[in-house]
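**Student:** Listed in order, the protein sequences are those of chains A and B.
For the first sequence, our numbering begins at 8 and goes up steadily by one.
For the second sequence, our numbering begins at 3 and goes up steadily by one.
If you are wondering where the hints come from, they were derived from the structure by calculation, not from laboratory data.
Here the structure is a predicted model, which means the values were calculated and not measured.
Among these hints, one or two may not hold up.
[Said to hold, decoys possible] Here chain A is said to cover these stretches of chain B; the calculated rule only asks that three of the stretch's residues, wherever they fall, bring their Cβ under 8 angstroms from a Cβ of chain A: (1) 140 to 146; (2) 302 to 312; (3) 315 to 328.
Ideal placement from N, C-alpha and C gives every residue a C-beta, glycine not left out.
Residues per chain, in single letters:
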Amino acid sequence: MTKNMDWNEAATELNAIVESFDEGEVSVDDLFVKLERATAIIESLEARLDATKAKVEELAPRIAQVANDE
Amino acid sequence: MVPDEISTDTHIHEVGEFYELLTAQLESAYGKRNPQWVRGEIAKVYEKGHVYIDLVDAGSSPSDARRPMLGTHCWQGPWGSLKRKLSEDGITLKEGMVVNFLGYVDVYAPQGKIGFTIMQVDVEGLLGDAAKRRADLIKKLHAEGVVDANKQTVVPPVPLRVGLVASPGTEGYSDFTGQLLNSGYGFEITLVKTAVQGDTAPPQIVSAIQALDAHGVDIICLVRGGGSKGDLSCFDDERIARAIGASSTPVFTGIGHTGDESIADIVAHTRAITPTKLGEEIAALVSGWHQRRVIIPAQRIMVGTAEVLDEATEYLAERRRTMIFAVRDRLRAERRHLGSVRQQLLMQSRHFMTSASQLIVSTKQLLSAYDPKKRMAQGWSVTTNASGQVVKSLSDVAVGENVRVLVSDGSFESTVNKKDGNS
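The shape of chain A in the complex, shown without the other chains (with noise of 0.2 angstroms):
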């Protein structure tokens, strides 16, 4: 599900999530499922960082080559 969602809005869930644990909404049976869905959110999150790195990482030495060309 997380991977149709973009950043912003898995962000939001995941901090919707987030804020039900501190504002102590979170019964111990729906504990597990949201534990549950924020780590898928987090891991989804992290998958797409990852690759906007690597990317960015094969693009960055030819932008650099812009960068530092004067």
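With chain A fixed as given, assemble chain B onto it according to the hints.
**Tutor:** Here is chain B on its own, set in the frame of chain A:
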């Protein structure tokens, strides 16, 4: 026939002899040792090693057949140094100029001519005239909007297509193109060769500007290295100024040395003090654009990308930590709650058990207080009628009915003889 009043006793001269006499007289009065200043308008200039200049009275009409004319000349040797000096001051002797020559009379018998050998030219006077003509031209060009016309054209942000009006092989050409070629940017130079000094230069430069304007370049550069004022004087030509003013392409100039300012410079869109400086300035235009539009954005992208990635990484790490702590806290709280409830239940159970025990004891005590056996031992008895019911009222028995009486240690039968009610 000889007029009466003229003496006929004088010696009759041969022609040559007469010229010798005349020359001696003239040289005595107006010769080298007694040079004279002569002012006149140049009617004709002819130069071939020596220079020959015909002078007439300033403002006299060419159609006047009787107007006096003085044939002046300057021999190659002195003319060389005189011409150099004039050139350094930006002066070229031309028809129509009014000049003051210092010189002496010169009789040329073979052609029967009295001439004038030039020794010196009044440069200051000429300079004053030239400066006035120049100032008048600038004033006129201002009034006609020519000075500002090319300044209204727009220089493209990256002027890489450069139209060049110059003379290849000259220092100015090399200085200018060297700056562009060494800049590292891909300048595309379209050269139109022209003379850059002398009378042939202005029409060639005008044609070059027009051709480059029509060709389509980003800017047109008019370039000429340093030289004497005379060398550079062609850039004061009105035709060049008008060609620059009429050009729809921005015209840049890099002419002469520091301090030289030609009318072409004044009319141009942009003026640099030397060809080298002009090359530098154009390269700087491109470099500035490259810096602003390519390098700085690229640097910002790099920094921005790193910031976004760092922020996202930190965000996820923080969310992960927060989730772990939140779940742990939540479970701890739940555990504490359960423990508390358990404790409470335990306490309540204990309390209940205690209360129940106490109730049982007191009930037992109460019940034992009401035990019939104890009462019977005290003398109380229980009577039941023939039906086995406990007799609680006179109505429960009848006279003559047999009843059973229970006492502490057994029972016995009895007969009801009489019933007496409570009065």
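**Student:** Are the hints correct? Go through all of them and say.
**Tutor:** Status of each hint after checking the structure:
| no. | hint | result |
| --- | --- | --- |
| 1 | 140 to 146 | violated (count 0) |
| 2 | 302 to 312 | holds (count 4) |
| 3 | 315 to 328 | holds (count 8) |
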